[in-house]
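> Take a look at the letters that make up each chain.
4 protein chains.
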Amino acid sequence: MSQAQTKPYLTLEEAIKIADAAQAKSTAEGWNMVIAILDDGGHLVSLRKMDGVQTGSIDVALGKAKTSVFFKRPSKAFEDMMKADGGGRISTLPNVVAIEGGLPIFKDGVLVGAIGISGATSAQDGLVAAAALEAMD
Amino acid sequence: MSQAQTKPYLTLEEAIKIADAAQAKSTAEGWNMVIAILDDGGHLVSLRKMDGVQTGSIDVALGKAKTSVFFKRPSKAFEDMMKADGGGRISTLPNVVAIEGGLPIFKDGVLVGAIGISGATSAQDGLVAAAALEAMD
Amino acid sequence: MSQAQTKPYLTLEEAIKIADAAQAKSTAEGWNMVIAILDDGGHLVSLRKMDGVQTGSIDVALGKAKTSVFFKRPSKAFEDMMKADGGGRISTLPNVVAIEGGLPIFKDGVLVGAIGISGATSAQDGLVAAAALEAMD
Amino acid sequence: MSQAQTKPYLTLEEAIKIADAAQAKSTAEGWNMVIAILDDGGHLVSLRKMDGVQTGSIDVALGKAKTSVFFKRPSKAFEDMMKADGGGRISTLPNVVAIEGGLPIFKDGVLVGAIGISGATSAQDGLVAAAALEAMD
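Residue numbers (my numbering), protein chains in the order written: chain A, 575 to 711; chain B, 575 to 711; chain C, 575 to 711; chain D, 575 to 711.
None of these hints come from the bench; they were simulated from the model.
A portion of the hints provided could be inaccurate.
Given that identical chains are not distinguished, each listed pair holds provided it fits within a single copy or across any two copies.
Here are the computed lysine to any residue pairs in the SDA-like style, where the Cα-Cα straight-line distance is at most 25 Å [stated by the list, open to error]: (1) K657 - D682; (2) K591 - L701; (3) K681 - D614; (4) K581 - D614.
Required output: the full structure, derived from the provided sequences and hints.
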């Protein structure tokens, strides 16, 4: 009897739990955010835009999440690289938004997707992303 | 004293109520769907992709919703036009997905956004979209 | 003494005269339209979107005008070809919106741009485009 | 009796008044400009390209205006951020043209659109944009 190789994936139920946590943290802090959650192919599983958030934050949140799923790391990692070397080099990387607020999502050590947050300062975006992923624990 | 010209808009709370209704209808029927809700500028307010839906349905749902918000009518209207006249003409219209499953959302007779559903047959997609909008009543 | 080869071009003043005529005709008929005027390279010289016109008409008007300047003929010419042969062939042509409402603009027999109208039925769009170009006489 | 949530919007009449003011200022200074005005969804309401302006300025003006409507701030805000920190980070933001000449348009404190100017130096572009918005007072 053959045994297929399998990988875990992010369910909608999990994505909604993460998005709920992100929205609760944002509301508690008085921030309005776009909350984007992608699967391991970089495709949307869940998105919410809270009232009054600037339209530009939709693509920024999507871009941060895509950065994290395409490169398996926080989007802040590229922001830090830029600060170290002036940044030009990194700005030519396809599919990178080099701003804090994107985090990869792992299950059992395997990448299953990413979250991207935009709407406040990038440090605040990062706080909400981190708080949201605690819902996965 | 000046008087601004105003128009209504779609809140996240309303969008989530609509998405919940779409998801409930889909679950009741045993269908898995992508549920996309856009504002009156064609920008995302809410998206959910139920487990196992084909990746292609994300852009189909977005395209149907964009069709409805850009042209203030059900995406099925273009499907019907195509059947009536052979269809070539309609296939050259920019931003049109001429398949049932997109519906405009009105408040007090003013367009505030649209819903797009994809994942099952287009007739089933249309049923879910219609059921979802009953949550606005 | 050398003599450069020259070609006439569409001035903003002329484009505004044409747009004014299109807007006057639309208002007289009770139609709201997008009025797009392109130069001979297919680039915008003038655009107006009357209040309440569906957002989708912007790209449709631009597409009809681009069709007329790229192919030096009314966009209706492609609509007629489609009716003659079923249309599939024409729908694969790049940069063609095969719907009435786009007309090329000539000065001294030389193509200088095009107008595209969208917002009502395609026949009404075509009437407004034709009325607008009379302002060039 | 239901009460819709409402927001103000930009009329074509207002957009033309703003564009007229931008064109008058440009003419007075001897500059030729592209003048682009978008609604709150980032879609065109009015565009004018004065005679002789480089073709590239069309997309620059559109990009500056989109930056301002998508991020609810002058496009110069991003130019300043770039100068402050080396800029790489900002260059990865989607939908941002980080050059002076784009300004958001507000009515009663609510974003209703934006203006983008391009054709001269960015400082001159910014002067024309600012002069144009005085027509809203």
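> Each of the hints needs a verdict: does it hold here or not?
Structure-based check of all given hints:
| no. | hint | verdict |
| --- | --- | --- |
| 1 | K657 - D682 | neither (32 Å within a copy, 40 Å between copies) |
| 2 | K591 - L701 | within (17 Å within a copy, 27 Å between copies) |
| 3 | K681 - D614 | both (11 Å within a copy, 18 Å between copies) |
| 4 | K581 - D614 | both (10 Å within a copy, 12 Å between copies) |
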